[in-house]
Structure formats: C-alpha cells, structure tokens
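Those protein sequences? They're chains S and Z, same order as listed.
Position 22 (the first sequence) corresponds to 108 in our numbering; numbering is contiguous.
Position 170 (the second sequence) corresponds to 256 in our numbering; numbering is contiguous.
Please note that a few of the clues may not be correct.
Identical copies go unnamed one by one, so any copy, or any two together, can satisfy a pair.
Claimed, not checked - Straight-line Cα separation of at most 25 Å, BS3-like style, residue types lysine-lysine; simulated pairs:
#1 K307 - K246
#2 K355 - K96
#3 K452 - K543
#4 K246 - K444
#5 K506 - K356
#6 K477 - K538
#7 K356 - K281
#8 K355 - K205
#9 K335 - K307
#10 K205 - K127
#11 K543 - K336
#12 K205 - K96
#13 K397 - K114
#14 K397 - K281
#15 K88 - K553
#16 K553 - K307
#17 K281 - K246
#18 K114 - K88
#19 K397 - K238
It is worth saying that the hints were derived from the structure and are not from the lab.
As the structure is a computational prediction, the values presented were derived from the model and not from experiment.
There are 2 protein chains.
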Amino acid sequence: MKDTQTTLNKAVALILQYLESNWHPETKVVNYQAADVLQEKLDLSLPDEGVTLEELIPIVESYLQYSVRTGSTQFFNLLFSGSSIPGILAEMVTSATNTTMHTYDVAPVATLMERELIKNLNSLVGFQQGEGLMVTGGSNANLVGMLCGRHKVLPEAKLKGLGHHRLVAFVSEQAHYSYAKAANLMGIGIENLVKVNSDREGKMIPEALEAAIQQSLSERKTPFFVGATAGTTVLGAFDPLPEIAVITKKYGLWLHVDGAWGAPVLFSKKHQHLLAGSELVNSFTWDAHKLMGVPLICSAILVKNQGILQKACSGGGTDYLFHDDENAPYNLGQMSLQCGRKVDTLKLWLCWQYYGNKGYEQQVDKLFDLAHYAVNYIQNCDNLELIAEPKFLNICFRYIPQENQLDSTVIDQLNLEIRKQLIYSGEIFVNQARYQGKIIIRLILANSELQKADLEKFFDNLINAGKMCEAIGV
Amino acid sequence: MKDTQTTLNKAVALILQYLESNWHPETKVVNYQAADVLQEKLDLSLPDEGVTLEELIPIVESYLQYSVRTGSTQFFNLLFSGSSIPGILAEMVTSATNTTMHTYDVAPVATLMERELIKNLNSLVGFQQGEGLMVTGGSNANLVGMLCGRHKVLPEAKLKGLGHHRLVAFVSEQAHYSYAKAANLMGIGIENLVKVNSDREGKMIPEALEAAIQQSLSERKTPFFVGATAGTTVLGAFDPLPEIAVITKKYGLWLHVDGAWGAPVLFSKKHQHLLAGSELVNSFTWDAHKLMGVPLICSAILVKNQGILQKACSGGGTDYLFHDDENAPYNLGQMSLQCGRKVDTLKLWLCWQYYGNKGYEQQVDKLFDLAHYAVNYIQNCDNLELIAEPKFLNICFRYIPQENQLDSTVIDQLNLEIRKQLIYSGEIFVNQARYQGKIIIRLILANSELQKADLEKFFDNLINAGKMCEAIGV
Chain S
87 MKDTQTTLNK AVALILQYLE SNWHPETKVV NYQAADVLQE KLDLSLPDEG
137 VTLEELIPIV ESYLQYSVRT GSTQFFNLLF SGSSIPGILA EMVTSATNTT
187 MHTYDVAPVA TLMERELIKN LNSLVGFQQG EGLMVTGGSN ANLVGMLCGR
237 HKVLPEAKLK GLGHHRLVAF VSEQAHYSYA KAANLMGIGI ENLVKVNSDR
287 EGKMIPEALE AAIQQSLSER KTPFFVGATA GTTVLGAFDP LPEIAVITKK
337 YGLWLHVDGA WGAPVLFSKK HQHLLAGSEL VNSFTWDAHK LMGVPLICSA
387 ILVKNQGILQ KACSGGGTDY LFHDDENAPY NLGQMSLQCG RKVDTLKLWL
437 CWQYYGNKGY EQQVDKLFDL AHYAVNYIQN CDNLELIAEP KFLNICFRYI
487 PQENQLDSTV IDQLNLEIRK QLIYSGEIFV NQARYQGKII IRLILANSEL
537 QKADLEKFFD NLINAGKMCE AIGV
Chain Z
87 MKDTQTTLNK AVALILQYLE SNWHPETKVV NYQAADVLQE KLDLSLPDEG
137 VTLEELIPIV ESYLQYSVRT GSTQFFNLLF SGSSIPGILA EMVTSATNTT
187 MHTYDVAPVA TLMERELIKN LNSLVGFQQG EGLMVTGGSN ANLVGMLCGR
237 HKVLPEAKLK GLGHHRLVAF VSEQAHYSYA KAANLMGIGI ENLVKVNSDR
287 EGKMIPEALE AAIQQSLSER KTPFFVGATA GTTVLGAFDP LPEIAVITKK
337 YGLWLHVDGA WGAPVLFSKK HQHLLAGSEL VNSFTWDAHK LMGVPLICSA
387 ILVKNQGILQ KACSGGGTDY LFHDDENAPY NLGQMSLQCG RKVDTLKLWL
437 CWQYYGNKGY EQQVDKLFDL AHYAVNYIQN CDNLELIAEP KFLNICFRYI
487 PQENQLDSTV IDQLNLEIRK QLIYSGEIFV NQARYQGKII IRLILANSEL
537 QKADLEKFFD NLINAGKMCE AIGV
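Start from the sequences, fold in the hints, and give me the full structure.
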C-alpha cells in the first residue's frame, strides 16, 4: 500500500500540474493531432502480461498530453467548461467505494444524498411535492420525461405496447436532438416529433404549438407531450413556459422542460425570471455537469408529482434485487431505467457544499455580466457581426471580412476556416453552428473562472486568425 | 494549489486506509444503519455559503464510514466485488480532464482507446468485422441490442413509428429484467416479451423458443428479437447459443446475448466453451464493471456487423455537434443514444493494462476453482443444501435446520432471517433470491482477491447465524 500511495500521490501531482498550467498564458487548449496521426503516436495495444501500477503513470502522462483542456478559459466549445477540484475528490471516493444506486442497502449514504439533492433541485424548480432521480445524461432525462408523458396519456402501453395509437410529441425547431432520439427509441417515430416554429430569439411560438396540436388531432393522432427548452443549444433561448402550460393543460398533454443548460439560472435572483412558470410543468431535465461545473455525467430528471417515475420506468419481477424490508421506501432503483447505476451524487454534493447556493448565484450572475461584455465587444468591432441578441450565455456571431465581401458562402468558408485554424494552433476551442443558413461561431460562457481578459484574448486571437485567413485568401 | 495538493493527498491516504482495512479480519462489511436512523445521524442540508476544500474531508470521512464495503472479501451480494486501484487512478484522471465522448475532437485519446477496446472485446466474442460503443450499463446495452433488432426487422419504425406492427421479443424466464424495461420503453409492451421456459440448470430450451416463435406468428405478430443470456443473474446459466442461432437464422430474428455477467469467461481457455457460438450472434452486452473489476459503470454494446448502430440510434440534425471534418470517421457520438457521454474508457484501459489478458484469465480460472470448492463445502455440510449444480460463479443454496423441520415457509423465513442478521452484524453481505418457490442464498464469486479462507469464514458465520436463529426460534 506504501507504493500505491506514492503512485497515487504522483498522479495527484500530475493532475494538479496539468490543471495549474491551464492558467499559463502560453498553454494551448489542445495539442491538436489528427486522429490517424495520433493513432500512430500512441501505442494502443493491450498486453498479455500485466504491468505495475507505477508503469501506468506514463500512460496517464500521455493521456494528459493529448487531452483537450476543457478546463481552460479558452475552451468555449461545449455547454461546460472549467475544472472542479471537489468533483475530482468526489470521483476518487466514488470509485474507491464503488457501489450501485439501486437499493439503499448497498448505497446508504449516496441514496440519502440523492434524495436530498433531488429535493433541493425540485425546490428550485418549484416542485414542492416532487420526485426525481439521477440519470445518465440530459438526453436520458428528456427520454424519461417523454416516457412519463406516454405513461400519463397511455398507461396501457407499458404492458400492451403502443397498439394502434399514433402518438405525437412537440418541440421547438431549436430543441435538442435527444428528443428525436427518444421518439425513435420509443417507437413513436421521428416524423411524429413535430418541430414547432420559434421566433427570432429562438423561443417556441405558443400559437404555432397550438396550431400543430390541432393539426395532429385533425389527423386522428394522439398528441401527448410537449418538450420545451430552457436554454437552447445554439441560441440559449428560453421557451415561454406560462403560455405553453396553458396549452398543454387545455389539451391534457405532458409538459417537460429540457433545462440541461439553463436550469441554474434558478440560483440567481436576478435571472431566474427566465424560467418563470417552471413550477407549472410536469417534468424537468437538470444537468449539473454543465453550468454547475460538476464532472460529467451529473443529470437529474425531476417530476412534479410523486409516483409516476416508478410506474413509467420499472420492469417488475426482481426478487433478487428489491426486498420488501424496512428500507424499501428509500430504494431508488425501481424508478430507474438502469439496474446497476454509478453514484453521481457525491460529486454534486461536494460541489454544492463547496460553492453553496450563493456561490452558484454569483457564478451565474458573473457569466451574464461577461455575456453582456462580449456582446458589447462584438457590436463595437467592425470585423464581428452579432447574429442574435443573446438572452443567456450563448453568444452567436461571425467574423466579417474587412473588404466589403458580400458573398455568403465565402463568409461561411472564412468562419469555418477561422475556427479550424484556432483549434489547429491550440489557441481557442470554440464551436461553429449553422443558424438561418449562416455558419456562425457559438461562444459559450460556462467556465466560472472566466474573466474579461480571457474574452479579450479570445476576440484578439479570433480576429487575428480572421485577418490571416483573409490575407492568404481562404 | 499547494493546499489543494495537501487535501487531495489526504484524501488518497484516507481512501487507501479504507481499502486496506477491508483486509483486517475484524472489519465489518457494513456499519449497518436503517435509513431513518442514518438520516438523523448525517447533516444533509445544503449550505448558502460555501466551505473550503479542507472542510469537505469530514464529509468524505463520514461517507466512507457508512458506505458498504463492496471491496471486502465478505461482500457477495451483487455481480461485482473488490476494489481497483488502477480504476481509481483512472477516475481521478477522467474527472480532471473532464470531457465528453461524442466527437474525436474533444476526446482524442479516449476515442482512440474506446475504438481499440471495442476491437479487443469484439475479437474475444468472435466479431471480426464488428462495431460497438461504451454505454450506460448492461441494461442500456440490452436496450440498444433490442433497438438494433427492431431496426433490422422494421427500419421504417425510426421515422414512422411502430405503426400497426405487433413486435414480439423472446428471452428465457431467467433473463434479466432489463429486457422488460426495454420492451416497455420501446413501446413494444412487456406482454410482448415472451418468457421462454428454461431447463433445470436455468438454460433456455431451444424447442420452447421455436414453439413460442411459431405461436406468435400464428397470432399474426412480428417476432424480431431473441435475447439470450450468458450468465443469468440468479443461477449463472449460459443459454445454448449454437442451437438458438439456428432458430433465429431460420426465422430472420436478431440474436442478442446479455453477457453482462458471463462475458469474461472468454479470457479463459478452460472455460470459454460456456460461450461457444458467441460469434454466431448479432450483438452482445459486456459489463467490464462486473467480473473484470473496473469501477461502475463500464459497459459495452458489441455488434457483429458495422453500420447498424448509427442507423438504429442516431437522431439526425446536429450541425452544431458533428462536423464533416478529417476526423469525422472517428466520431462515436452518432452511434450513441447519449449526447454528452462520460469517458468510461480510461478505467477499462488502465485495468486491462494492469492485469493483462493473462491476469484476467487467471482471475476467471481461480474463481471457478473457488466455486468448485464452495460447492463441495455445501455438499459436505448437513446444514446446507445446494439448490442447483452451478456452471458458473453463482452458488445458490440454503440453510437447512438441524431438526428435521420440513415446512417450507419456515425454512424460507429462517434463510431470510439469517441473511438479515448477517447484514445487521456486518459480518457478511450476501443476497437472497427466490427460485422455484424457495428462498435461497445466492453466493456470488466476483472478487478476484477471494481465497478459500474467505469462503470458510463465510460458511462458518452463516451456519452460526443459522444455528442462532434456530435457537431463538425465528
């Protein structure tokens, strides 16, 4: 164990050195290698004879060397960024105590923590008598939300199948593609996921929703589910929940909110208005691994009323797992689509203890301020064009050539090339998207350590890359 | 960072102390507390103001204090046991480099590792041109297998839904309940999951399968999927794949194998015959967090022929995620039901490096020898009755009273009570199940550190508990 401790301490030192160097101005966000090149560099064969623990350290070093620094303040690519020491600590303990969440008996503390976390998240959403569960990601939470909706409207499907019913679900055209995956998986069919028009800000248009519901009724289909979004993936739009809730109530549909990205605005007194009406909906997706900075995966499905999760998700017939003992009411497994389930509770627990409600509020408020700063920067820069006025932490813009080049495909090509060059050089990791036919740069502010100077560096590097691409005639 | 390093090193020391004490003979496998009692003992409120990293250490200590020691050699409760230092090391690095598996660009090394791991697992199964993916658990892998089967037989369901088709799937009556969850989720209906009779050893009876398929055809239903099992949950039975494959081929059905528990016999030249015919099937579930000792969750879905995973699982329409760049052929996300996906690759990678193929072979062979020893022990003990001759690492037996008490419900009660007392006292964590109407004790041999002496201790404690329960007239 002495040697083991030495080796693990060495790993701790390597990891901290890696994270610390995220802050050095000269550190690249990625040491980019094309896949076929990296494949050549790494020896990826698995051995017949094992090696010592100490011999694993060089593998760890090379893993660190070629990993993308998602903790860097120049990583804006996805809906998460930053690094979490309490999260790392939690994952060490979680893997050492390695258990599964299906019954209280084998995961006593983690089960109590999960129940308490769900209670707190529900309280933020406004579900006073709710239930919930940690699941395997935001996509999975959306799926479970849709399954709850199906169970509400068509409970017999659990035993009998969908039968002749042609279920129809509704989301905005800006909603996450996980809804399409869910419609596929659940045998509903992607064509029966109706994409409702959204407005210029990316918000679902309630009148368009109602028209779509009526259309599907006129086709003798069975509308059952509306999937609203709080923080869309590209624009960061929040669908208008109060208006949508009136419609879902009128037609008896399940209303789910995908809050994977936007939910933590609920920590902020200043910005929680974006989620006004959240208490009116039936279920809610919350990803703590996005804006709350917990290591992936840390997702919850929250449900307003108790009882439906177990009815919708359980499979029955499991003598060997679920015993009718004194702790049975605490068991979480029968609400889950999983059997063995990793403890994702401790990492959220330790992060929440570390930051506190106020810490999360400050982080959210600070990132909104930075978003405001970024928007001003773009609007005051001749080379940059804002694509939509952001309401959240997604800043969508594009680089505009200095010469009055108006051919849209050339501008698209230029922006694609800028992004590529920034990644190749390791200066910035930022994503592109297509919006209203245009290639745009999507700047995501998710890293709680972000400062104005990081944004200035980002824009400087991006504009320089743009000028260079222009100069060499890309 | 200095303080951070000190705190994380303290956590390493605590964890190693915790794991080391698993080996002390006086260490209890659980410090059992009923849920309501433990809830009182722990302060589970979340704060407004955050705390320091150092202040998280007492939380970690209390987490360790009340966690079940799944790493103990007296933990026989589930299909995993033991602790994995390479796995803990990997989870530290994984959480520090925190990324998602959907594209090569953001997870370069982990993506290449995953592809290599899948290739190696496929090679063990006998899928020479296969594909595959890490998924969120064995249940999820079975679900994806069933979805691939649906896509093979009814590809139009992806866009159109199930329509009027009444799909029917077949598993043995001993199969895992995740198949029922999948039938529910996929809109097929649990009643359309036909449970085929199994023989005395728990193996699916091929003639019964064919009769069930013909029955469903005669009812104008659409058979599409057979879910065989390699290592059933209670008895550890291996369904006869060659005979089943003849039938699925004849009727054009997808043949999936749930090898969540039994797959690693493929490492053993001596025992791989249990999975004879694995190369004949269409898809395969492999849980590396069970017999391979990797921390939860580490599961793979393996598919014999390339192309179907993406067709079956993708949702389409994701400009902002999947770019058509030079690394696109390496991206794994479009084969997945998830969007954000934790790296489960590094922990399997480091464990496999650490043990090597031979190490895993030795572990499997050793556990089979211990199973043989346990069976002999039971057969030579007047107080114990073997329920079925095991073919794998599940030893199902029960305690039999010394007085010639024949009332079956009394024996059931006695065995329930024995198990409860062993957990309350913290001496043993072992599971019960019901088989052929009887309450049985299911001893699972999954811990690679297990020795004969541990089994002797187990039987001694169990028999003593039985005698005590008898004495006090339970």
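Legend entry - Index of numbered hints that the structure contradicts, given in increasing order: 2, 4, 5, 7, 11, 12, 13, 15, 16
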